[in-house]
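Engineer: Residue numbers (this note's numbering), protein chains in the order written: chain A, 1 to 183; chain B, 184 to 405.
If you're looking for bench data, these hints aren't it; they were derived computationally from the structure. Computed from a predicted model, the values in this text were never measured in an experiment. Backbone N, C-alpha and C fix where the C-beta goes; we use that ideal spot for every residue, glycine too. No incorrect hints appear here.
Chain B regions said to be covered by chain A (calculated; three or more residues, Cβ under 8 angstroms):
#: 1; region: 189 to 196
#: 2; region: 258 to 271
#: 3; region: 337 to 347
Residues of chain B clear of chain A, computed beta-carbon distances all greater than 10 angstroms:
#: 4; residue: L219
#: 5; residue: T243
#: 6; residue: L288
#: 7; residue: Y291
#: 8; residue: W308
#: 9; residue: V310
#: 10; residue: G311
#: 11; residue: P369
#: 12; residue: G378
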Amino acid sequence: MDEEDLTALMVDYQAGALAAFERLYARLAAPLRQYLRSLTLNPATAEDLLQETFLQIHRSRQTYRPPLPVEPWAFSIARNVYRMDRRSAGRRRQHEVPAEEDPPEIPVPAAADGLAGRLEVRRALVRLPSDGREALLLHHVWGFSFGEIGGLLGIRGGTAKLRAHRALAALRSLLGGGDDESE
Amino acid sequence: MRVNDPLLDTLRSEIARDLRPVRPLRPAWLRALILLPWSLLGLAILSAVFSPRWGVSALTWVVAGTQVFVSYVLLWMALREAEPGRGPSAFALGTAAVAALGVPLGVYLLIHSLHARPLPVAREWSVGMECISVEMAIGLPAMAIGLWLAHRGLPLRPAAAGALAGLAAGVGALGVWTLFCPFTSPGHVLRSHFGPMIVLGLLGLGLAAAVFHFRRRSRERL
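Let the sequences and hints guide you as you build the complete structure.
Structural biologist: Dropping the structure here:
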């Protein structure tokens, strides 16, 4: 399903079609779940936040303006849900898990795929600073442009690029693959 | 096509309860244009109450227009902040806050250096209070409108959106009032013209943060 289909689904959803929401869910649930896992490093928490994300998407569906891309909008809402949860539950529970424990199922960027086994790459990803990891995954896994990442994270596109670049270099370094400049 | 997913089943029942059609928000630049009719209305009301200085120099008109334009840009940024995935960068927010204070200050210094008109000491209190009252009277409703527009969206940094909406109202009020208050004494300008602007910015910040906090709390209780 391409971006135009997603936009058409959002338009139908805004017009009140439940079927459009179901198709949107089918398209967005997997990447949003992965994204929330990469933020929380906790699958159970990510699942809770995924539900809250879709509810927030529903409450804020008027804030989507066609024909803008749907995914940056949806990811931004997911990120906000995560931030709010972290703020309100920060003292109640700890999202971060120790790096050396079994890492959660977070996606592995293709740029790091050949450097080590998937488990090793995941362990290394967990050890990266969270802001760098986020920019790296948004660009290399979900294919967002740096401008879109900037809008999503509230930073400049150049800063997003720098974060992703540094995170990839750190990942390569952690995996013993050197610190080359190619991306 | 029906997807079998327990989470989807839960969401489906929640969402089906409120599936009324919604109209997408208009672009932030378009919604921020509300400041222009508000500025004109403020100008008309003030002209009816006070003696307008229609014969002011072209520079004063340029200054007033510049301030209203800065105000528009600030409100546009506040409304962009409420569009998920399209928020301005922290750098842009900081630049806007600096411009909100720096541009009016710069143009006042320019006017003061070209056409200085000191405020007589005997009238400092009465004129100062008049300027503060009028700017707050124009600025408060404009701030309320800006906050309402921002909260129709989803401000991801509500305090920043509120501060920008408050500053937008303050700079806009300052721009309109520039056409009425002839005095350029730095003390008067800082206290009675910039004071209300800063108060409106802080008020916007506090109100937006409080509304957001209240909304979140009430949602958590559900």
